[in-house]
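*Asks:* Below, each chain spelled out in residue letters.
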Amino acid sequence: MSRRSSEDSVSETVDGPLRPNDHLDQTGQTDQPGDDGGSASAFSGGQPVLGVVGWLRWGWRQLTSMRTALVLLLLLAIAAIPGSLVPQRSADPNGVTQWRATNPDLYPTFETLQLFDVYSSVWFSAIYILLFISLIGCVLPRTKHHWKALRARPPRTPARLSRLTDHRETTAGVPEGEDAAGHAAHAVDLAEAQLRSARYRVERYDRGGVASVSAERGYLRETGNLIFHGALVGVLISVGIGGGFTYTGQTVITEGDGFVNSLGLGYTSFNPGRFVDTEALTPYSISLDRFDVTYAKPGTPGSGQAGDFEAHVTTRFPGQEAEDQVIEVNHPITMAGDRVYLMGNGYAPTITVRNRAGTVVFSEAVPFLPQSPTMTSQGVVKVPDTGGKQLGLVGFFYPTVAKLPSGALTSAYGDLVDPRLTFFVYEGDLGINNGDARSVYALDTDGMTEIAGRNADTPSLELSPGQTVDLPGGRGTVTFEDETKNGAPESVKRYVSLSIHNDSSAPWVLFFAILSLLGLFTALFVPRRRMWVKATPDGDDVRIEYAGLARGEDPAIGVAVADLAERHGKALGDEPASAPATPANVN
Amino acid sequence: MSFDDISVLLLWTAIAIYTLGFLAFTVDLARRSELAIAAQDAKARTLVAAGGGGQSIEDIRAEEAAAKIALEAAPSKRGRYLFARLGVVLTTIGFLFHVGADVTRGIAAGRVPWSNNYEFALTGTLLVVMVFLTVLVKYDLRFLGAFINGLIVILLGGAALAYYVEVVPLSDPLKSVWLVIHVFVASLASAFFALAFALSVVQLLQSRRERNALAAVGTDAAPRTRLPFLRTLPSAEVLESLAYRFAIIGFVLWTFTLIAGAIWANDAWGRYWGFDTKEVWTFVIWVVYAGYIHARATRGWRGTRSAWLSIVGFTAVIFNFTIVNQFFQGLHSYSGLPS
Ligand code: HEM
Numbered sequence: 045m046s047r048r049s050s051e052d053s054v055s056e057t058v059d060g061p062l063r064p065n066d067h068l069d070q071t072g073q074t075d076q077p078g079d080d081g082g083s084a085s086a087f088s089g090g091q092p093v094l095g096v097v098g099w100l101r102w103g104w105r106q107l108t109s110m111r112t113a114l115v116l117l118l119l120l121a122i123a124a125i126p127g128s129l130v131p132q133r134s135a136d137p138n139g140v141t142q143w144r145a146t147n148p149d150l151y152p153t154f155e156t157l158q159l160f161d162v163y164s165s166v167w168f169s170a171i172y173i174l175l176f177i178s179l180i181g182c183v184l185p186r187t188k189h190h191w192k193a194l195r196a197r198p199p200r201t202p203a204r205l206s207r208l209t210d211h212r213e214t215t216a217g218v219p220e221g222e223d224a225a226g227h228a229a230h231a232v233d234l235a236e237a238q239l240r241s242a243r244y245r246v247e248r249y250d251r252g253g254v255a256s257v258s259a260e261r262g263y264l265r266e267t268g269n270l271i272f273h274g275a276l277v278g279v280l281i282s283v284g285i286g287g288g289f290t291y292t293g294q295t296v297i298t299e300g301d302g303f304v305n306s307l308g309l310g311y312t313s314f315n316p317g318r319f320v321d322t323e324a325l326t327p328y329s330i331s332l333d334r335f336d337v338t339y340a341k342p343g344t345p346g347s348g349q350a351g352d353f354e355a356h357v358t359t360r361f362p363g364q365e366a367e368d369q370v371i372e373v374n375h376p377i378t379m380a381g382d383r384v385y386l387m388g389n390g391y392a393p394t395i396t397v398r399n400r401a402g403t404v405v406f407s408e409a410v411p412f413l414p415q416s417p418t419m420t421s422q423g424v425v426k427v428p429d430t431g432g433k434q435l436g437l438v439g440f441f442y443p444t445v446a447k448l449p450s451g452a453l454t455s456a457y458g459d460l461v462d463p464r465l466t467f468f469v470y471e472g473d474l475g476i477n478n479g480d481a482r483s484v485y486a487l488d489t490d491g492m493t494e495i496a497g498r499n500a501d502t503p504s505l506e507l508s509p510g511q512t513v514d515l516p517g518g519r520g521t522v523t524f525e526d527e528t529k530n531g532a533p534e535s536v537k538r539y540v541s542l543s544i545h546n547d548s549s550a551p552w553v554l555f556f557a558i559l560s561l562l563g564l565f566t567a568l569f570v571p572r573r574r575m576w577v578k579a580t581p582d583g584d585d586v587r588i589e590y591a592g593l594a595r596g597e598d599p600a601i602g603v604a605v606a607d608l609a610e611r612h613g614k615a616l617g618d619e620p621a622s623a624p625a626t627p628a629n630v631n
Numbered sequence: 013m014s015f016d017d018i019s020v021l022l023l024w025t026a027i028a029i030y031t032l033g034f035l036a037f038t039v040d041l042a043r044r045s046e047l048a049i050a051a052q053d054a055k056a057r058t059l060v061a062a063g064g065g066g067q068s069i070e071d072i073r074a075e076e077a078a079a080k081i082a083l084e085a086a087p088s089k090r091g092r093y094l095f096a097r098l099g100v101v102l103t104t105i106g107f108l109f110h111v112g113a114d115v116t117r118g119i120a121a122g123r124v125p126w127s128n129n130y131e132f133a134l135t136g137t138l139l140v141v142m143v144f145l146t147v148l149v150k151y152d153l154r155f156l157g158a159f160i161n162g163l164i165v166i167l168l169g170g171a172a173l174a175y176y177v178e179v180v181p182l183s184d185p186l187k188s189v190w191l192v193i194h195v196f197v198a199s200l201a202s203a204f205f206a207l208a209f210a211l212s213v214v215q216l217l218q219s220r221r222e223r224n225a226l227a228a229v230g231t232d233a234a235p236r237t238r239l240p241f242l243r244t245l246p247s248a249e250v251l252e253s254l255a256y257r258f259a260i261i262g263f264v265l266w267t268f269t270l271i272a273g274a275i276w277a278n279d280a281w282g283r284y285w286g287f288d289t290k291e292v293w294t295f296v297i298w299v300v301y302a303g304y305i306h307a308r309a310t311r312g313w314r315g316t317r318s319a320w321l322s323i324v325g326f327t328a329v330i331f332n333f334t335i336v337n338q339f340f341q342g343l344h345s346y347s348g349l350p351s
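As given, the protein sequences belong to chains D and A, one line each in that order. Numbering-wise, this note's numbering comes out as the position in the first sequence, counting from 1, plus 44. Numbering-wise, this note's numbering comes out as the position in the second sequence, counting from 1, plus 12.
Just so you know, these hints were derived from the structure itself, not from any lab. It cannot be assumed that every hint is accurate.
[As the list claims (entries may be wrong)] Covered by chain D, per the in silico footprint, the following chain A stretches (three or more residues, Cβ under 8 Å):
1) 105–114
2) 217–231
3) 245–257
4) 261–275
5) 310–318
[Unchecked claim] Computed beta-carbon distance windows for the label pairs:
6) D/E220 with A/M142: 56 to 62 Å
7) D/F569 with A/I119: 33 to 39 Å
8) A/I330 with D/F154: 24 to 30 Å
9) D/G284 with A/R90: 38 to 44 Å
10) A/G312 with D/K192: 25 to 31 Å
11) A/I119 with D/S347: 18 to 24 Å
12) A/V189 with D/T378: 57 to 63 Å
13) D/D584 with A/G312: 22 to 28 Å
14) D/G221 with A/L94: 56 to 62 Å
We treat Cβ as the ideally placed atom computed from N, Cα and C, and that holds for glycine.
One chain only, chain D, in its complex shape:
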């Protein structure tokens, strides 16, 4: 297994980069079980007899072949595509729900095929896991081999350099008073020095008057290749292990309110990795002082577009001074290793509900979810304890109210110009007493009767800030509080949704990613080549040959040999007279 080059004559003692057996550099085709070169014992009487070991070995060899790697790569590319066509649960859970609603017939099939979880599906995982096993099986032996090659001497000069494609030959006269062999040695000394200064590793092979130097450079190419492939494994492992230590949580904070980093206190949702100790979160707090946003003025380009989002927050670690910070898109803040991101924002109108007796049964700033770029928003108010039947209100909020031709309301602009709030009111059972987790943004109206709205005798309620309206049938009142009365800068409070992430593996992923980029760069752009200069006494003259052999892709090898011949010829020619080098081969 020492022959690893197609140039037999050249590779007698040459150990090139070890490559999978169907790499272009390799000799011999190894497609058949049992045909693994060295193991003659697997054959008896010409008939391959394969034991389990033989088959395993053959299987491993197939798995770590270039062709398998290639096929797996192409499969990986194809397998990744469906995830961009079908909504994915991880990235877009609502999309999946919607898809299900529009394609109820196809849904079960897609579900079985794991098309909504492509990137964690069995088939996708199988492809990349096989690919990485192949990768490791390929890289490990190559690393060992390269380690040896790094410490080996450049290989013996081939007997017939003229068989190489990139070859040049010239004849130099021997100066007075020197013998041909001496001059040959002198010429090769010169070449050796030149190659060495061109950062080649050199080795002299002088034999019986024929002097030659063998030189090699670009070991870094293979090093880069191995680092690149190895770093890919590093990326995968960091991502895989890191996932177990990662947690992600979401929270919503209204102006004037705060959040404490603790499960059960602050988060609206929290997804910890397997190894996260949820009891050990640092209990820092974040409170939202003010949320700023700018809207492009009507009549200017991008009219109505919102931007320059800034959440002005006060953060505090237990027992420490509070600190004012600003969270912006692209500029998360870091708290105890957590990164805190600004993910969304909206309006949280403050709503007060009074019952028949005039007692306040609900008073809160309720976050409304934006439904459109102009911030038409939807929200839900649930009043379980009214003293009578439970109440549920489904509201729409329009920061700048306008009427559509149909008579329906809409919002014309995202900022608070003429805020309006409307409610459909339901009465009955909210369904929150039986312990089911219910979204604060949705109202299940199944067990309820509409008492104000489209399907009721009373039309929906409509309020401006500061206004109070009656619930139908004297059930009480609803007030849309004007926050400026409480000293706030705007009549309606705003809220932000924050996402809090802790991913201690991210720096490792980045490290390996950058390492792979560096490896890739050297692997692709450092030429690896061998060069030989040989001087043979030939009567009264000395025949000087130059030859080069590219190890891997090397478009400039021909030029490199020509350059060497020219530089060497010149240096030599400065001393005695000699003929200019001529290309021996035209290709």
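Please arrange chain A with the ligand on chain D, whose structure you already have, making use of the hints.
*Replies:* Below, chain A with the ligand alone, put in the same frame as chain D:
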């Protein structure tokens, strides 16, 4: 007249000039065809006298060697094809107008001119032409001129018609240095992929012609070719290795794009990778080109098969830029187009 109006005007001027450049290069190819046919006819006449129709192996090798030397000749020593030179001049002038259009758009917007689909097209095609003109200094790739100009006219004209949007303020997630770096490098990578793609296409044509030519050796029949100018171009092998060189530059830049994108996503969206539509396609393209590089090193895949991978890769790049940006749902909804 606003800067943006000036930009649009310059852009259409550039498109017009590129169209002329396309015509010049096409005429050049046609004339090379005539040249090749004339040479073939002359050859055939002498051969008929000698009793043979096909080329000999030596002829074919000599033709290849001559084409390789021509490919690598310094600009002053190149074939003086009149229309090719005209094409280069027109492409260069078109390029200058194109630069003007890009810069004035940037001034009008007060930021880098690559933050929506229209501007991606504007800058991306600019980089294609820039890379092409730069490479021309080293290699005589004028035979790609018709292709490149044609591609630019289609992409730029299409973008100006279908993707044009007025300058609007950047949305918040785009306010980042990564917009400058990530998007620019992605466009640059695409430019190299475009060139590799063009070469791979010519490589496929060339290798089919070469197979026919070799099959005709020693027979009476003259080899069939529908595109005789191919005879003046470098051999399929030379084209392939050139395509490979551009593809690996593109690949390294694309790898950087991928990493930079992940860093940006980690700042903007709170995770570095989430298989968002655009992320998926960036990954798919990356994997296809990794496959291409492997194919080039795998026995049985070098040559025609690997060339197809380069073609698939660039098709995916274009698909990603047009269809994915426009029609696929995802976080990267920055095309600026109404959905
Ligand atoms: C995640 C999967 C893989 C990716 C993304 C990948 C990517 C690449 C890239 C980009 C190159 C070119 C850079 C260089 O020469 O270093 C390369 C080269 C190479 N890869 Fe991989 N590779 C993968 C898996 C494998 C596997 C499984 C094998 C072994 C069977 C392998 C063997 C090689 C070899 C031998 C080269 C050198 C090619 C040459 O001589 O030009 N790779 N790979």
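*Asks:* Hint by hint, note whether the structure agrees.
*Replies:* The hints, checked one at a time:
1. Against chain D, the segment 105–114 of chain A contributes 0 residues with a C-beta closer than 8 Å to a partner C-beta. That does not satisfy the three-residue criterion, and the hint is violated.
2. For the segment 217–231 of chain A, the proposed coverage by chain D is not satisfied: 0 residues have a C-beta within less than 8 Å of a C-beta in that chain, short of the threshold of three.
3. A stretch counts as covered by a chain when three or more of its residues have a beta carbon under 8 Å from one of that chain; for the segment 245–257 of chain A and chain D the count is 3, and the coverage holds.
4. Only when three residues or more bring their CB closer than 8 Å to a CB of chain D does the claim for the segment 261–275 of chain A stand; here the count is 7, and the claim holds.
5. Note: the segment 310–318 of chain A has 5 residues with beta-carbon separation from chain D under 8 Å; the three-residue rule is met and the coverage holds.
6. A C-beta distance of roughly 58 Å is found between D/E220 and A/M142, which places it inside the suggested range of 56 to 62 Å.
7. Distance hint check for D/F569 and A/I119: the Cβ-Cβ separation is about 36 Å, which falls inside the suggested range of 33 to 39 Å.
8. A hinted range of 24 to 30 Å holds for the C-beta pair A/I330 and D/F154, which are about 28 Å apart.
9. Against the hinted window of 38 to 44 Å, the Cβ-Cβ separation of D/G284 and A/R90 comes to about 54 Å, which falls outside the hint.
10. For A/G312 and D/K192, the Cβ-Cβ distance of about 29 Å falls inside the hinted range of 25 to 31 Å, so the restraint holds.
11. Distance hint check for A/I119 and D/S347: the Cβ-Cβ separation is about 21 Å, which falls inside the suggested range of 18 to 24 Å.
12. At roughly 19 Å, the beta-carbon separation of A/V189 and D/T378 lies outside the given 57 to 63 Å, and the hint is violated.
13. A hinted range of 22 to 28 Å is violated for the C-beta pair D/D584 and A/G312, which are about 51 Å apart.
14. Evaluation of the 56 to 62 Å hint for D/G221 and A/L94 yields a pass: the beta carbon distance comes to about 60 Å.
Figure legend: structure checked against the earlier numbered hints; hints not met, in rising order: 1, 2, 9, 12 and 13.
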